[in-house]
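Student: Chains as they are written, first to last, in the numbering used here: chain V, 821 to 930; chain W, 505 to 607; chain F, 30 to 272.
Source of the hints: derived by calculation from the structure; they are not laboratory data. Check before you lean on any hint, since a few could be wrong.
[As the list claims (entries may be wrong)] Just the calculated beta-carbon pair ranges, DEER-fashion:
1. W:G583 x F:G239: 25 to 31 angstroms
2. F:A204 x V:D860: 37 to 43 angstroms
3. W:G583 x V:G924: 57 to 63 angstroms
4. V:D912 x W:G518: 53 to 59 angstroms
Being a predicted model, the structure only gives us computed values, none of them experimental. Just so it is clear, CB atoms sit at the ideal spot from N, CA and C, and this is done for glycine as well.
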Amino acid sequence: MAQRRMHDMGGLEAGPIDRREHEPTLVERRIDAMMMILRDKPHALWKTDENRRTIEGLPPELYDGGAYYQRWVESMRRLLVEKGVLSDAEIDARLAEVRARHRGAAGGGS
Amino acid sequence: MRAADLPDARFRVGDRVRVRAAYPPGHIRTPFYLRGRTGRVIGVHGAFPNPERLAWGEDGLPPIPLYEVVFAMAAVWQGDGAYGARDSLAADIYEHWLEEAAT
Amino acid sequence: MSGADGRGPQGLAHSHDHGHDRREHGHRHDHEAAAHGHSHPFQPDLQEPSQDWEFLEIALRELLIEKGVLSAREIAEKIDQWDRRTPQNGAEVIARAWVDPDYKARLLADGNAAVAELGYPFEGLELIAVENTPQRHHMVVCTLCSCYPRQLLGIPPLWYKSRAYRSRAVREPRAVLAEFGTVLPEDVEVRVLDSTADCRYLVIPMRPAGTEGLSEADLAALVTRDSMIGTAQARAPHPAPTA
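If we strip away everything but chain V, and leave its shape as in the complex, we get:
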């Protein structure tokens, strides 16, 4: 059965184009920068097509519902685990710590 994959969207119906400008935020530019550094020599941890393949395999709600760089950072996480650079356990632990830190810093948090 002919299957169109989620990312392969040429010709599908879609609404008007949101043409608002958005200057990439610092977080977004850091994601972009890290992705490029780790891909390029001397790191050469992965190839562009591996990043694409990983993004194409993200859960649909993330692919469509998420911000562009959310897809990238989620892909980076998966690639870092796939390549054995980081483990899911250490990422989850650090993520919990970062969340707590920022929610505390924001004040008024629970």
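With chain V's structure known, arrange chains W and F on it following the hints.
Tutor: For chains W and F alone, coordinates are given in the frame of chain V:
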């Protein structure tokens, strides 16, 4: 850089080609909407590692000839789109996705 | 990347202090928006990261730095490198092509070499320049992801990466063009280029009428990012020349 005359390229500029109507799993750089469509080779870009293998961390060698193929919008969408009679669409397609089109 | 990276877009005060200890509290600085020479209605980074994926960036970065995989300096330098790649670099290339037919011929024959001539390295991918004419208008999209000549023009606009643009550009290009305010006569061929592989496309827009006397720098100011993607045409000179 643009190897116009790649010695082992199967197709040449001007050839009519059909994109294979294949639907394999995996990382594919041939858009769904072009599969099974017929166009014309307007450029031979050279040979490049196969992205379908690069996607899994392999070297993608031997490199595969890459063609610029132009399609009439009408041939792709068959009336179901907003385009002019002369409008066209071009995409870069790897050789293993192309076959000779009936003339 | 080559030594040409030391070069900023011409005439821009790109002095910035980033590169040093950019923390998540450091933010964009107003001078950057001004220095880029075009307006940005949104400056959304003036708040703390609040989304979970933003926290994920922080977590990954901290771990990578602690393990010695990356350094903060490496990241800062890479950000700087990308900040220097802006549509103005492309505009400079186009303006040169408009005034110098030999340069245009070189740009059309070998885009990588031609942009490198002006100090903009374009590596690892083929840069292909396509020329808009009274007979044919090109418009670039990447339906599969977000391929874009970013080594020259910088990070693509959000709309270029959006579902709406990626889905519709190949099937209803004239409707998409109309949303960008670009209406072309029926006898002009609209050719949509879907960037599916290792080639990146740069559109050479048509040189606007009434620009014969303009300097290269004034011409470059007419070349918008969107005109190099092909969703728009180059700007008309302003103010309109008077007889």
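Student: Name the hints, by number, that the structure is in violation of.
Tutor: 1
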